[in-house]
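At position 437 of the sequence shown the residue is numbered 437 (the UniProt record's numbering), and the sequence of numbers has no breaks.
Honestly, I wouldn't trust all of these hints.
[As the list claims (entries may be wrong)] Below, computed lysine to any residue pairings styled on SDA-like, alpha-carbon distance capped at 25 Å:
| no. | residue 1 | residue 2 |
| --- | --- | --- |
| 1 | 445 | 272 |
| 2 | 566 | 272 |
| 3 | 230 | 23 |
| 4 | 521 | 445 |
| 5 | 335 | 445 |
| 6 | 445 | 230 |
[Unchecked claim] Pairwise CB distance ranges, derived in the manner of DEER restraints:
| no. | residue 1 | residue 2 | range |
| --- | --- | --- | --- |
| 7 | 473 | 413 | 27 to 33 Å |
| 8 | 467 | 138 | 29 to 35 Å |
| 9 | 505 | 530 | 26 to 32 Å |
| 10 | 123 | 6 | 35 to 41 Å |
| 11 | 357 | 514 | 45 to 51 Å |
| 12 | 505 | 60 | 29 to 35 Å |
| 13 | 503 | 401 | 51 to 57 Å |
Calculated from the structure, these hints are not laboratory results.
Small disclaimer: the values here were computed from a predicted structure and weren't measured.
No residue lacks a Cβ here, since even glycine has one placed at the ideal position from N, Cα and C.
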Amino acid sequence: MNTERGTRAVRIANCSGYFGDRITAAKEMVEGGPIDFLTGDWLAELTMLILWKQRRRNSEAGYASTFLTQMEQVLGTCIDRGIKVVTNAGGLNPAGCAEKVREIATRLGLSVNVAHVDGDDLMSRIDGLRPHLNHLDTGAPFTVDPVSANAYLGGWGIVSALDSGADIVVCPRVTDASVIVGPAAWWWGWDRTDWDRLAGAVAAGHVIECGSQATGGNFAFFQEIPDLSKPLAFPLAEVDQDGSCVITKHPDTGGTVSVGTVTAQLLYEIGAPGYLNPDVVTRMDTISLSQEGPDRVRMSGARGEPAPDTTKVCINFEGGFRNRMTFCLTGPNQKAKADWITEQLFTRLGGRDRFAECDVRFVEAPSDARTQEQATGRLHVTVKDPDERKVGRAFSSAAAELALSSIPGFFTTTPPGEAQPYGVYWPALVPSSDVAHVAVLHDGKRVAITPSPTGPAASPAVAPPVAPKIAARALESGHELGERFGARSGDKGGNANVGVWAREDADYVWLAEWLTVDRFKQLVSDSAVHEIRRYELPNLRALNFVLVGYLGEGVASTTAFDTQAKGLGEFLRSRRV
């Protein structure tokens, strides 16, 4: 591979979109066709909390162990073919994960250069950083004691490791896109102020880092996938010297790569059009997509702006304990039944004020439905408190003890259970200069990585796009939005985002006029109490809505029905005009 470096587009493959993704994906990508880099993303906000719990039980843990299983399967082939591996599976213990890779190499009789990236862990300096750690969305001061605090690192530590000859680079909490940015910047020898090129690589990374979501996973128009019996392929990006790329997949694999699948993934878990990364601000409203051939989508035109002078921090702390009981309400009078159970339960428990937090949700079902299950509503009662005893058996047993003295047809979905601990996610910003980003080379040498420059500004200046000047094609009254429009939704801490896109210019013109924040709140009624930020991306024929605080304090803490807002976009598509 090294003899071809810088002479053609670099082929960067993905083999993981989360901790728990398909274990055979690395082997599929290594053996399915030519690639230069094998990358993967293992770290969601929730994953950092999971890894902390692992490390609390075992100080040598704290990384994504499934990555090591994949290395057992493909390390020999990667070394033989010159395929380099860049991963963020190091989690809270990148040094430990890197050492495990060396042990695998020794056991397989391989000579492998393994480096790792460090410096994201801010726990030892947390008190000195507190003035910077106000909540990113609410502005609340940070006053609790965290269990983890990790700054999002960029891709230049990866570049330094690759410069040293590393075959494997194990990273901690770098940004999801950084595992693609680093290889692309190294391959082409980019400068730190190559804003447009870096922006293109961030966009490529954003598309492929979630694995098969780029090839038809979670795709609104999934029925267009040619053969639904085949497992969806994992994607790869062919990144060119100017930062443009082709998103594709190996031949004769499942799924599809289309302008639609790439659009959907570009909209996934973003906020404002200026998508912040430690190395560059990528303007998502400048990207152009075109179908270059079967399963080949060209992504070009990305503009970049100078890197921000801050970087995001993922903080987790222990929130306390929680428990939930769900009561089933069959047939008639469901609301009255829910009201009576609620009154009985909290009278028995000593009132709602006894708990730090209570969440009571009544979900009605049509009482005249064809089957009992379809005619049964639900009453979800969730309690939280720092005191495990209050929300443990004292709560769930009180619910079960109503069985013969409450509503007709009383039953619950589960027997009484113990309380479970939960964590709280806290996003914040710190100055990039306060983060000691380091590349630790195979021989133990530590190379300090300075923060990315914050200027000079991009030239020419990035101009906001404008909608097409054509007549709108309205969706007829009574029709579902999903008949013409796709959507993808997801979580970003306590916020949710919903990206909605059209396939034709005339449909987008109507969508941009019709789907206002007020109308969104009408269609998604439980969003009405939240701040909603609306952004237009006419280059993608898309709108993006950010629902601030929709998921409370993050996925580990939320009492929402859809804890990661993955189905919210499909719900919006089901609404009628």
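Hints and how they fare:
Note on residue 445 and residue 272: the hinted pairing is violated, with a Cα-Cα distance of about 39 Å set against a maximum of 25 Å. Between residue 566 and residue 272 the alpha-carbon distance is near 19 Å, which keeps this suggested pair within the 25 Å criterion. A C-alpha spacing of about 16 Å is found between residue 230 and residue 23, which places the hinted pair at or below 25 Å, so the restraint holds. Proposed proximity of residue 521 and residue 445 is contradicted: the alpha carbons are some 55 Å apart, above 25 Å.
Restraint check for residue 335 and residue 445: the C-alpha separation of about 66 Å exceeds 25 Å, so the hint is violated. Taking the CA atoms of residue 445 and residue 230, the gap is near 46 Å; set against the 25 Å cutoff, the hint is violated. Checking the proposed 27 to 33 Å range against residue 473 and residue 413 shows it is violated: the Cβ atoms sit about 45 Å from each other. At roughly 33 Å, the beta carbons of residue 467 and residue 138 sit within the given window of 29 to 35 Å.
Checked against the given bound of 26 to 32 Å, the beta carbons of residue 505 and residue 530, roughly 31 Å apart, stay inside it. Between residue 123 and residue 6 the Cβ separation comes to about 39 Å, which falls inside the hinted range of 35 to 41 Å. Against the hinted window of 45 to 51 Å, the Cβ-Cβ separation of residue 357 and residue 514 comes to about 37 Å, which falls outside the hint. At roughly 56 Å, the beta-carbon separation of residue 505 and residue 60 lies outside the given 29 to 35 Å, and the hint is violated.
In this structure, residue 503 and residue 401 meet the distance hint of 51 to 57 Å, their C-beta atoms being roughly 55 Å apart.
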